[in-house]
Each structure stands twice: as structure tokens, then as C-alpha cells.
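**Q** Chains A and B, in that order, give the protein sequences. According to numbering that gives the first Met the number 0, the first sequence is numbered sequentially starting from 0. According to numbering that gives the first Met the number 0, the second sequence is numbered sequentially starting from 0.
Bear in mind the hints are in silico, worked out from the structure with no lab data behind them. If you're wondering where the values come from, they're calculated on a predicted model, not measured in any experiment. Some hints here could point you the wrong way.
To be verified - If we take Cβ atoms under 10 Å as the criterion, some of the chain A residues that face chain B in the derived model are:
hint: 1; residue: I24
hint: 2; residue: V41
hint: 3; residue: Q61
As the list claims (entries may be wrong) - Simulated restraints on C-beta separations:
hint: 4; chain 1: A; residue 1: R8; chain 2: B; residue 2: K2; range: 47 to 57 Å
hint: 5; chain 1: B; residue 1: A226; chain 2: A; residue 2: H9; range: 51 to 61 Å
hint: 6; chain 1: A; residue 1: G6; chain 2: B; residue 2: R215; range: 56 to 66 Å
In this text, a Cβ means the ideal position worked out from N, Cα and C, and glycines have one as well.
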Amino acid sequence: MIVTINGNRHEIDPSSRVADLPAIIHRADLRGLAIAVNGEVVSRSEWEDVRVEEGARVEILQAVQGG
Amino acid sequence: MEKFEVAGRVFASRLIFGTGGFTSLEVLARALEASGAEMATVAMRRVDPSSKGSVLGVLDEAGCDVLPNTAGCFTARDAVLTAHLAREALGTNWIKLEVIGDDRTLFPDGTELLTAARQLIEDGFVVLPYTSDDPVLARRLEDAGCAAVMPLGSPIGSGSGIRNPYNIAIITERASVPVILDAGIGTASDAAIAMELGCDGVLVASSIARAKDPVRMAEAIKSAVDAGRLAFEAGRIPRRLYAEPSTQTDGMPEL
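Use the sequences and the hints to build the structure in full.
**A** In C-alpha cells:
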């Protein structure tokens, strides 16, 4: 199924959980990340449980230089 | 010197370090050390696997606290969401709240800022809002429960110092929470002036990051913050229109 991650479309397994998504964009280390799906934060404690839906708009963020 | 406390955390340094604008993590690390800062800001952006090194790594190694910001947000909704994401990613309740109203001046949108602040305070955040030099807005933010207020001196990155020192003085005189001058500092004297106006601290980014010698400028601004605060605590002489002789007039010889 197709989802959008950080503005790019990706084909992913329909049984994917939120925890599987960073690997799709080649980010192995889950530390320091935050994930929002369709404009809502998904708490880290739920990453393993929350399923990803078809057409989901995902943002995977990290801290960078700023401010 | 009197201690600097924000939301129950006591800081030895009154300088908060902005990590934006450095082109090299190595220079950032050395400038951070030279500044003596104990807290530094970061922004939240999309993961980019091709980027090397990490600002968090630098801050961690320096033992520096992380203050995430909501840089780039123009609405309360986006700022609130970004703050929640930052809390998830970094495990801190502290947030430097920026809600921008204009993309040329980068001045805050007061209405959206206040809305976001109120929501985030309800959500348990320690909110440090980047605000204008309007004493009314500063009071509203304080009343809403912000842990500090951070008025700008002049536009972000403009290096134009403190355009309205009178408003800043009014803010510092009336505030019951720490006042941290945030944005527009260009060089050491601006930081000293901020402290002399009664600010409890300063947040600097571009003045250091984009200086010709960032490490040296970090050292300069550190000294300026110390000097300005000492001067403030020492109680300056007033500005007079006329002279006030410094030498006694009695005992003058008739020559």
C-alpha cells in the first residue's frame, strides 16, 4: 500500500506499524525521533501497536540545528 | 551575582545558545564551550539520513540542556503539534515557542502565540515564548503561565541590537518571570545593553554563528553578559543633562 513519508510516496507492507516506518527512509536509529500521522503525534509507546493506514501522511522528525 | 532561575532550574550562565546558522558542528561545539552556555536551542525537521553528525550529539557531549523550538510555525496549531513532537523526540517539557506572523520580519503573531502558549501550558509544557517588545503582550504571556518571556531586540538574524530599549526596560521592570532578550543581538555591546536594561538573560544565535570568528564572538558575548549583569546589579549613575562635578569644590586655593 502507498503512504507518504516526509513528503515522498512509499510502497509499504499493509501490516506495517508506525515503528517500521523510520527504516523505510533508511533511519535505523529510533532515538531522538518523533512521528506524526495525518497531523497527529503518535506517542513512542504506541509505535509498535499502531497500524499504518493506506494513504497515511507521515512526518518523521528529528532535532536539528536551529533557533 | 544573583542566581538565574527559570521554572525551578538554576543556571550559572545567563546566556542561552542558539544552534542555528553554524555551518560546521565542530565550530558549533567550540563556540558553545566558549560561551559557557548551559542550554541550547534545536529545531524539529524531517529526518534526513544523508546528514552527517548530530547537533544532539554535540550538546550531549557538552553536557548542555536541549531547548527545542517551534521555528518555522505560523499557526498555533502547527506550533502546538511541533511542541508535542519535540517532547516525544527529546523527552523534555521545555519549549521555546515561536509562532511567526510575517516571513520578512519574522516578528511573532501575538494572537497565535498566546493561543499556543495557553494550550501548551495546559498540556504541561514549560513555555518560553519568543515575543515582541510589546509590554502588554508580555504581560498576557506571563499571566497565561509562561515560565519566562523572551522579547526580541530586533528581527531574528538582523544584528540590529535593541531597537526599543524603553519597551524592554518597561517589560523588565514589570515582569515577575525572567525576561530573556531573544533575537537581534549583533555583537557584545548589544548583549551588555540587554543585561543593563534589566534582562535576566539573553539568547543569541546569529551573532555568534555568523560572526567572522564565532568562537571569539562567543567569548566576547559571554563577557558582555557578565559585565552587563554586574553593572545592572551595581546600580548605575543616572543620565543627567548637566554636569555633576566629581571633585569637591571646597578647599579650592586662591591662586
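**Q** If a hint holds in the structure, say so; if it does not, say that too.
**A** Hint-by-hint comparison with the structure:
Taking 10 Å as the C-beta contact cut-off toward chain B, the hint placing I24 of chain A at the interface holds, the least distance being around 6 Å. Taken as an interface hint, V41 of chain A checks out: its beta carbon lies about 8 Å from the nearest beta carbon of chain B, inside 10 Å. For Q61 of chain A, the suggested interface contact is upheld, since its CB lies about 5 Å from the closest CB of chain B, less than 10 Å. For R8 of chain A paired with K2 of chain B, a C-beta distance near 53 Å keeps the hint of 47 to 57 Å intact.
Our hint of 51 to 61 Å for A226 of chain B and H9 of chain A holds, since their Cβ atoms are close to 54 Å apart. G6 of chain A and R215 of chain B have their C-beta atoms about 40 Å apart, which leaves the hinted 56 to 66 Å range violated.
Of the hints listed earlier, the one the structure fails to meet is number 6.
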